[in-house]
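S.K.: Chain by chain, the residues:
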Amino acid sequence: MTGLLVLSLILVPWLGALVVWRVGDSRPKWQHGLAVGFSVLAGILSVLLIPLASSDAAFSLPMGNLFGDLTFIADGLAVALAAIACVVGSLAVLFAVDYMKGEHQLGRFYSFVLLFIGAMTGLVLSSNLLFLFFFWEITALCSYALISFYNDDPKAVAGGIKALIITQLGGVGLLAGALTVFGTLGTYQIPDLLARSSEITPNLLAVMGFGFLLAAAAKSAQFPFHTWLPDAMEAPTPISALIHAATMVNAGVYLLARFYPVFEHVPGWTFAVMLVGMISALITAVMALTAMDLKRALAYSTVSQLGYMVYAIGAGGIFASQFHLLSHAVFKALLFLAAGSVIHSAGTRDMRKMGGLGKQMPFVRNVFILGALALAGLPIMNGFWSKELILEEGLKHTPLWAYVGMLLGAGLTAFYTLRMSWMVFFGEPREALHAHDAGRAMKISLGILAVGSLTTWLFAGGFSALLEHTLPFHEFHVLTLGALAEEIFLAPATYIALGVVALGLAVSWMVRKQATAPVPAALEALSRQSFGLDWLNQQVVKAVFQSAAVVQKTQTGEMNWNVVGIIGALVVVLGILLWSAS
Amino acid sequence: MNLITLIVIVVACLLGVGLYGLLITRNLIKIVIVLQLLVKAVVLAFVAAGKVSGHPGIGESVAATVIVADTVVAAVALALAVQVRMRLGTLDIPKISSLRG
Chain R
1 MTGLLVLSLI LVPWLGALVV WRVGDSRPKW QHGLAVGFSV LAGILSVLLI PLASSDAAFS
61 LPMGNLFGDL TFIADGLAVA LAAIACVVGS LAVLFAVDYM KGEHQLGRFY SFVLLFIGAM
121 TGLVLSSNLL FLFFFWEITA LCSYALISFY NDDPKAVAGG IKALIITQLG GVGLLAGALT
181 VFGTLGTYQI PDLLARSSEI TPNLLAVMGF GFLLAAAAKS AQFPFHTWLP DAMEAPTPIS
241 ALIHAATMVN AGVYLLARFY PVFEHVPGWT FAVMLVGMIS ALITAVMALT AMDLKRALAY
301 STVSQLGYMV YAIGAGGIFA SQFHLLSHAV FKALLFLAAG SVIHSAGTRD MRKMGGLGKQ
361 MPFVRNVFIL GALALAGLPI MNGFWSKELI LEEGLKHTPL WAYVGMLLGA GLTAFYTLRM
421 SWMVFFGEPR EALHAHDAGR AMKISLGILA VGSLTTWLFA GGFSALLEHT LPFHEFHVLT
481 LGALAEEIFL APATYIALGV VALGLAVSWM VRKQATAPVP AALEALSRQS FGLDWLNQQV
541 VKAVFQSAAV VQKTQTGEMN WNVVGIIGAL VVVLGILLWS AS
Chain A
583 MNLITLIVIV VACLLGVGLY GLLITRNLIK IVIVLQLLVK AVVLAFVAAG KVSGHPGIGE
643 SVAATVIVAD TVVAAVALAL AVQVRMRLGT LDIPKISSLR G
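Residue numbers (my numbering), protein chains in the order written: chain R, 1 to 582; chain A, 583 to 683.
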């Protein structure tokens with residue numbers, strides 16, 4: 001039963017991808033309807049899977065010695081992320097019915113979205129490292145294809161390729177880690193790795209741990225790989241909400257959380273994780289402050305919030321990080337989709353041209369503000385609970401300077417959130433934009449997400465119990481809702497954090513009418529260049545092209561020279577064979 | 583000198599002639615001929631390997647398959663060569679690639 005459900009979670013979206021593609025672009029109504037149908041079905045199935053979570057293999061298929069068994073385990077971590085992927089996925093598809101109306105090549109769009117949803121559930125449910133890697137790469141491929149969806153726009157194509165290359169770099173780290181596991185333990189099964197990690201020599205464990213950290217940082221757009229996510233904003237907005245805010249970028253955090261017990265004792269690993277998270281959270285918060293493009297600002301804020309989750313893992317707070325992942329998936333999808341309906345109706349992404357849009361689109365304004373409150377971490381919203389939990393873990397288990405850095409990040413978050421909301425929805429209209437409120441499908445998905453960002457913290461107790469009961473190798477203690485509230489409201493850390501958030505909001509309120517970035521000019525220039533990392537990226541690209549130009553000379557295209565190469569290789573192989581035989 | 587050694591020597595000679603031919607020739611028809619020489623060396627090697635390994639049936643059946651597939655390749659390659667000669671007026675490879683037709 002569980003096995004069937006797990007398989008259908010992967011195969012239903014994939015079947016949907018095939019069907020929507022085969023229906024053809026001449027029948028867009030059918031494509032919209034079928035895509036919504038298949039994704040909503042996957043969403044319902046993923047919710048049904050939650051009560052069935054267990055640490056036993058739900059499905060296992062022997063694939064021979066080379067690949068190991070294709071095994072799926074639906075434990076607490078996996079079902080939670082699968083549910084996020086499928087539910088947010090179905091809402092994003094529903095939103096796209098309005099957003100993508102009248103676009104060409106809808107088949108390509110929906111097929112890749114559905115392919116992505118299936119691959120994402122496969123990624124989190126797979127307990128075979130090699131198949132986890134396969135699903136990991138499929139999600140990267142879908143992300144690339146959807147960023148470059150408008151493939152006549154050179155910026156979109158460049159952004160897609162950049163995302164693909166950087167996430168592939170991470171994929172190499174994951175593959176290296178997986179092969180090291182197979183080489184030492186002779187198995188790809190994750191439970192075996194968790195149980196027998198003490199058999200691996202410390203050096204190899206460190207190689208694996210930092211390989212996985214590389215993979216996670218590239219996938220979750222963490223420092224120093226965060227430069228791909230802002231450029232990925234050329235994708236249609238439902239894609240930004242689904243792939244680049246709610247699901248795929250969480251895969252890195254998932255990976256770190258999944259393997260935390262293995263690498264916990266590798267010297268320097270938790271510190272490196274914490275540092276990566278902190279640097280990402282801080283520098284991208286500054287970049288969000290100086291961004292003038294609504295979607296880019298949201299992208300920077302995504303990196304920043306992912307930084308909080310990574311930091312929480314470095315501090316040992318696996319539950320805090322996964323709880324924030326859940327909150328963030330809901331409220332950031334809400335923010336992106338609301339931003340999408342603004343962009344859809346205003347026809348621009350530049351916040352300097354917006355202003356006063358709230359009167360024209362009151363519904364979108366209201367839900368955006370709910371999302372913004374959650375992002376800023378104000379009480380009652382889901383972002384408040386999870387962020388406070390992270391800060392509390394940070395205070396307990398990380399150095400004070402790191403905690404202070406994260407506090408500063410929380411203040412900056414409140415600062416840029418208010419600035420963003422104000423520039424878009426309030427004040428005087430800066431340009432006469434004719435906006436209209438969201439369509440019906442948009443309103444349904446925005447409404448559901450808005451209710452979600454008000455209420456998902458109520459699941460905290462059940463979520464922690466689920467994780468505790470189904471993840472035997474992690475250390476959790478069940479945190480009931482009451483205990484959570486007590487822990488948060490009695491801790492002085494909460495009030496310090498709220499004070500910093502209030503300070504951020506106050507500063508932001510004072511400079512709200514300023515159209516330029518509210519930071520010193522030097523800092524602004526620095527953050528526009530992504531603190532020198534974009535330059536580094538370009539240098540790497542340039543070096544690759546230059547070396548390619550050198551190597552190109554060896555490719556003459558003349559058959560006789562190619563035969564020389566073949567014979568040369570043959571001689572070398574024969575030489576090695578003879579040498580090893582003697 | 584037994585039979586197997588003799589066959590190996592013949593295979594090596596055929597391979598050598600074929601590779602040398604590939605190395606120096608520029609004529610499409612001649613390339614097809616030297617490719618045939620190479621494949622014949624391989625067929626002979628399969629038969630010999632079947633005999634050495636004690637399963638002559640396998641070696642012979644693979645050899646028969648290779649002969650069939652290779653005949654098709656030769657026929658198609660020659661047909662292409664004829665088309666190239668008719669359309670471009672030459673069989674010289676460097677000239678054809680510089681025409682970029």
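Some hints here could point you the wrong way.
[Unchecked claim] Pairs of lysine-lysine residues, derived as DSSO-like cross-links and limited to a Cα-Cα distance of at most 30 Å, are as follows: (1) LYS553(R) with LYS622(A); (2) LYS622(A) with LYS612(A); (3) LYS612(A) with LYS677(A); (4) LYS359(R) with LYS443(R); (5) LYS101(R) with LYS162(R); (6) LYS677(A) with LYS553(R).
For the record, the hints were derived by calculation from the structure and aren't laboratory data.
S.K.: For LYS612(A) and LYS677(A), compute the direct alpha-carbon distance and say whether it is at most 30 Å.
M.R.: holds, 16 Å
S.K.: Hinted pair, alpha-carbon criterion (30 Å max): LYS359(R), LYS443(R). Please report holds or violated.
M.R.: Given that 30 Å is the threshold and the Cα spacing comes to 16 Å, the pair holds.
S.K.: Taking only the CA atoms, is the gap from LYS101(R) to LYS162(R) under or equal to 30 Å?
M.R.: With a Cα-Cα distance of about 28 Å, the restraint between LYS101(R) and LYS162(R) holds, given a limit of 30 Å.
S.K.: Given the hint that LYS677(A) pairs with LYS553(R), does the C-alpha gap stay at or below 30 Å?
M.R.: holds, 20 Å
S.K.: Would you mind confirming whether the straight-line C-alpha gap from LYS553(R) to LYS622(A) stays at or under 30 Å?
M.R.: violated, 34 Å
S.K.: With a cut-off of 30 Å on the C-alpha distance, tell me whether LYS622(A) and LYS612(A) pass.
M.R.: The hint holds at about 15 Å.
Of the numbered hints listed earlier, the single one contradicted by the structure is hint 1.
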